[in-house]
Amino acid sequence: MDMHPRIRDEPRSEFDLVPPNESELTAGVRIEPGKSYGFFTDTTVCIGCKACEVACKEWNNLPADNLGLTGQSYDNTGSLSANTWRHVAFVEKAGSSGVRDNAQQAFQSGWLMMSDVCKHCHNAPCLEACPTGALFKTEFDTVVVQQDICNGCGYCVPACPFGVVDINTLDGKAHKCTLCYDRLKGGLEPACAKSCPTDSIQFGELSDLHARAHQRVEHLHGLGVDSAYLYGVPGGPGATGGIGHLNAFFLLTEQPEVYNLPVAPTRPATRIVPSLLSGLAAVAGLALVAIGLFSKRA
Amino acid sequence: MPKAMCGVVTIVQEGRFQMTDDAGVSHLFILAYSAAAEPQQLTALQARQARVRVHYRPAANLIGNTVTAIELAG
Amino acid sequence: MPDQVILQDPDDAPEGPSAAHDTMPDGSWQGPTYYRRSQLKAAPFGNWVVGGYIFCAGLAGASALISAIAGFSRLPQAAATVRRGRYLALLGPLSAVLLIYDLHTPKRFYNMLRIAKPTSPMSIGTWILMSFSGFACLGAAAQFLSDRVPGLGWLRRAARVTDVPTAVAGAGLSAYTASLLSATSTPLWAAAPRSLAVRFGASSVAAGAASLSLGERRGATRRALDAITVAALSAELAATLASHGTYRRKGVAEALDGGWGQVETIGATALGAALPLGLQIASLATARRKPGVLSSVASIAVLAGSLLLRVSILSAGDISAERPGINFRFSRPENLP
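Protein chains in written order, with the numbering used here: chain A, 1 to 298; chain B, 1 to 74; chain C, 1 to 337.
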């Protein structure tokens with residue numbers, strides 16, 4: 001990641017007040033309305049520390065939930081939910097015969113760790129499904145649920161092809177990652193990206209992130225990690241079926257199903273016209289039958 | 001049977017807020033869907049560091065409480 | 001003294017072993033899953049509540065459509081049908097109560113009227129329901145007043161004006177609910193949007209005709225209504241066959257293997273469509289003047305089947321969302337439009 005020149009002017013690590021445009025110091029990016037921002041999550045450098053989960057819960061004042069152990073490696077969180085907006089997935093690769101490999105590749109590959117989050121899709125299905133207008137696209141090209149409008153109809157929940165947004169039955173509204181909308185407005189990068197110690201979660205402008213991500217994939221291919229690919233970039237897996245691209249995209253090294261992601265999701269709104277036309281045609285056809293039957297009865 | 005607690009609202013996010021009680025212990029509260037208060041009213045309470053009384057029930061399967069009513073305590 | 005934390009098992013812990021190996025097949029899906037955890041989230045609707053609404057709205061809309069057609073035929077014996085249709089249409093606005101009840105923050109139900117969004121069938125449906133309800137209430141009020149108050153008989157004929165938009169909105173009401181289900185990522189609902197729409201639309205028309213037929217005393221009109229039921233049930237059965245073929249092709253048929261699939265087959269298709277179809281054909285062929293018991297039994301079966309169709313599809317859809325293998329088979333590149 002390129003260092004912003006301002007870093008040279010700020011040798012301290014403690015500040016009395018939040019410095020203006022703090023994201024320039026921590027992420028090398030100035031946050032301005034009107035530009036597209038997102039996450040590039042490089043799972044090959046994730047160490048599974050879950051600092052992102054903790055930072056997200058702390059900043060957003062989310063309650064600790066899913067109390068109890070799952071027995072699923074180090075993943076006791078399980079999945080994204082109304083109270084969990086960052087979820088670190090753990091997969092211990094056992095090899096093809098159930099016995100772990102003795103030799104490892106150039107980087108840690110026996111473990112897969114991936115910090116899952118709302119994808120902030122370009123053509124977000126949740127936004128398109130929302131009948132109240134609670135879900136909207138912010139000036140930073142992210143998707144946010146307005147809590148003072150949402151009436152908990154729950155239609156966004158089955159619309160999401162990634163199973164992200166959920167209804168909190170206690171407060172009766174839909175919740176998901178806001179990409180720290182309040183922090184962005186204050187010039188701060190999102191809490192998870194700031195807390196990530198390995199820069200696995202990189203926050204920045206989307207075009208910049210895409211360039212960095214493609215460079216990283218090429219670098220990994222050069223190291224012999226041919227299975228590395230980007231999930232959620234235009235034309236790639238995860239950004240299929242009319243979704244466009246994902247503002248929060250990933251570098252993965254296994255097929256998406258291993259990380260609980262769909263290979264080829266579709267934009268649900270494409271099904272509206274075929275459904276309505278077929279339904280109306282059926283009803284219209286039966287109406288013609290009715291007209292014929294009632295006109296014969298003389 | 002809802003319980004009551006007095007304290008100062010310190011953090012507000014959406015319909016959730018943190019309240020520090022008189023003993024200095026902080027608790028997490030979630031506004032119930034049936035509560036008369038709306039999430040947008042909580043930020044004013046936090047800005048004023050207002051002392052409030054919340055009527056709440058502990059929530060199941062999470063470390064937090066559901067608020068059924070909230071009023072100024074003076 | 002701190003409040004005791006209420007602990008329960010994690011709500012979303014999946015069944016089965018949770019050993020950490022990278023291939024955990026789910027059902028017929030032999031590829032990897034993530035500890036067999038669901039990849040999607042099921043709709044948080046109450047299936048009987050929303051299914052009940054779809055059934056009532058479809059019935060109301062179709063009744064309004066059929067009775068309007070009967071009324072425009074200018075046949076004197078159709079007046080009773082028109083009256084019944086105008087009152088049955090009130091079932092539409094009344095069933096909106098079910099929708100408000102299903103919201104998780106019911107006190108904000110009016111926020112549905114903030115916008116009109118063409119990419120959201122729920123928004124489209126809200127406005128179809130609002131316009132249908134407005135015109136239906138006008139028609140029903142005109143009918144009620146013209147029957148009770150002497151001298152206002154002309155209202156009944158004037159109400160023909162509102163019958164047209166009621167019928168058009170009613171057609172929309174019968175047809176849009178399938179798009180509500182298909183415009184989601186739930187595999188069973190998304191797999192066959194066209195045949196599901198024909199199924200729901202035809203089932204609504206059958207239910208509307210059946211409910212009008214049950215109270216109909218005039219033989220000729222009842223025969224006409226029963227013939228409409230026959231046509232609608234035939235369309236529904238054809239669409240059912242088509243949809244099941246599509247489900248198998250797209251890999252989501254597993255969702256119908258369990259109990260709700262049996263409800264769909266036995267309750268919705270066999271008892272709700274095939275049986276009444278046979279009974280109505282028999283009734284129309286044998287009863288020369290006025291259809292009798294066979295017709296009534298068939299109509300009741302149609303109504304029960306129409307409700308069971310909606311509830312079973314909603315419930316089986318939730319199952320398809322909760323099984324990761326089903327969605328991994330559905331969301332493959334081969335199934336892209």
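Please keep in mind that the hints were generated in silico from the structure rather than gathered at the bench. No residue lacks a Cβ here, since even glycine has one placed at the ideal position from N, Cα and C. Mixed in with the good hints, there may be bad ones.
[Claimed, not checked] Which chain A residues face chain B? A few, computed with CB under 7 angstroms, are given here:
no.	residue
1	Pro19
2	Glu22
3	Ala64
4	Gln147
5	Asp148
Looking at the structure, which of the earlier hints fail to hold?
Per hint list: 1 and 2 violated.
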